[in-house]
Amino acid sequence: MTVFGSLTVETFRSEVGNVFWADCVPKPVKLKLIRLTEGMPTLREFRIPFTLIFVTPKDTLLLEGAYDFKSESGREFRQIHMSPIQSPGPMQEYQVIHN
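So in full-length UniProt numbering, spot 52 of the sequence shown is number 52, and the numbers just go up one at a time.
Honestly, the hints are just simulated from the structure, not real lab data. Be aware that a few hints might be false.
[What the hints assert, rightly or not] Per label pair, the in silico range of CB-to-CB distance: (1) I48 / K27: 28 to 36 angstroms; (2) R44 / E64: 27 to 35 angstroms; (3) K58 / T8: 29 to 37 angstroms; (4) I48 / G17: 16 to 24 angstroms; (5) N18 / R44: 26 to 34 angstroms.
In this text, a Cβ means the ideal position worked out from N, Cα and C, and glycines have one as well.
Construct all of the structure, not just a fragment, from the sequences and the given hints.
Spelled out as structure tokens, the structure:
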């Protein structure tokens, strides 16, 4: 299981394009990680900030909050804060920011 403090750009680079399941009630929700965007570090020797974009079909809406995720690769991620964002296309997008 991956904990919050150890999340880096490299943690997710190989996960782009993979399916994830968010631990929700009454059943897990399937999302796809479609994009990873690297930011610029603000302090020398500190991790690179990054943004993840996940998608679900428009008829599936997750509320802003912290979710436990499992990737199709078998990796698990605990308490990842995710927010729905405005999405013009056929999919609902969600943003995860790590800085």
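*Among all the numbered hints in the text so far, which are the ones the structure does not match?*
Per hint list: zero violations.
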